[in-house]
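Q: Just so you know, we're using my numbering here: the sequence shown kicks off at 134 and counts up by one.
One or more hints might be untrue.
Claimed, not checked - Listed next, with one range per pair, are the computed distances between beta-carbon atoms: (1) L141 - I278: 44 to 54 Å; (2) L273 - G214: 57 to 67 Å; (3) E206 - P181: 38 to 48 Å; (4) V135 - M260: 45 to 55 Å; (5) L291 - R213: 38 to 48 Å.
FYI, nobody ran anything at the bench for these hints, they're computed from the structure. The C-beta atom is built at its ideal place from N, Cα and C for all residues, glycine as well.
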Amino acid sequence: WVANDGTLAAVTTRSLDGDAVTEVRKVDGSVSLHDPVTGRKLSPISAPKARSIALRAWTGPRTTIEGARLVHEPVGTEFRGPFPAWQVTYADEASTRLYIDATSGTLGAARSDTWRLFDFIWGLHIMDWTERDRINSWWLLLFGIGGTIIALSGFVLLANRMPRLRRRIKKSKLA
Numbered sequence: 134w135v136a137n138d139g140t141l142a143a144v145t146t147r148s149l150d151g152d153a154v155t156e157v158r159k160v161d162g163s164v165s166l167h168d169p170v171t172g173r174k175l176s177p178i179s180a181p182k183a184r185s186i187a188l189r190a191w192t193g194p195r196t197t198i199e200g201a202r203l204v205h206e207p208v209g210t211e212f213r214g215p216f217p218a219w220q221v222t223y224a225d226e227a228s229t230r231l232y233i234d235a236t237s238g239t240l241g242a243a244r245s246d247t248w249r250l251f252d253f254i255w256g257l258h259i260m261d262w263t264e265r266d267r268i269n270s271w272w273l274l275l276f277g278i279g280g281t282i283i284a285l286s287g288f289v290l291l292a293n294r295m296p297r298l299r300r301r302i303k304k305s306k307l308a
């Protein structure tokens, strides 16, 4: 059921939610899941399967799944992984969301309120308020150059001040 016509990159058999599946990766980056015995295509995975994968992946305190929805495009800065993906939301205090790749069934990301706060602070730190992943913004470059100039001017001032300090110390020792 799998013919190598030059487009295959890898064929692996692995466990997905307790069941054996064969993952077929092609050179173009596409992935599909198949039943290893019959060859029947299993991807994209269903909502109940995504919920089951999410429950197995959960390691926090006992909770329930609030909902699962299929997303086809980035959700803000929260998840930029392969699409389509299942967004599984837990009914916990941290509003945890797991993103599960709909074609491979792999866990893409786990996000919570704590992560969202960290992401916001990270965006402020690198001065990238929109994407939060560019560390070469002109703001950061400007402040980096400014900090370097201030540090160098401090060394220049220190070097200019040193001879006067040495003279003052010598005078106090002589007196």
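Q: Work down the list of hints and note, for each, if the structure agrees.
A: Status of each hint after checking the structure:
1. L141 - I278: 44 to 54 Å: holds (50 Å)
2. L273 - G214: 57 to 67 Å: violated (25 Å)
3. E206 - P181: 38 to 48 Å: violated (23 Å)
4. V135 - M260: 45 to 55 Å: holds (49 Å)
5. L291 - R213: 38 to 48 Å: holds (46 Å)
Of the hints listed earlier, those the structure fails to meet are numbers 2, 3, in rising order.
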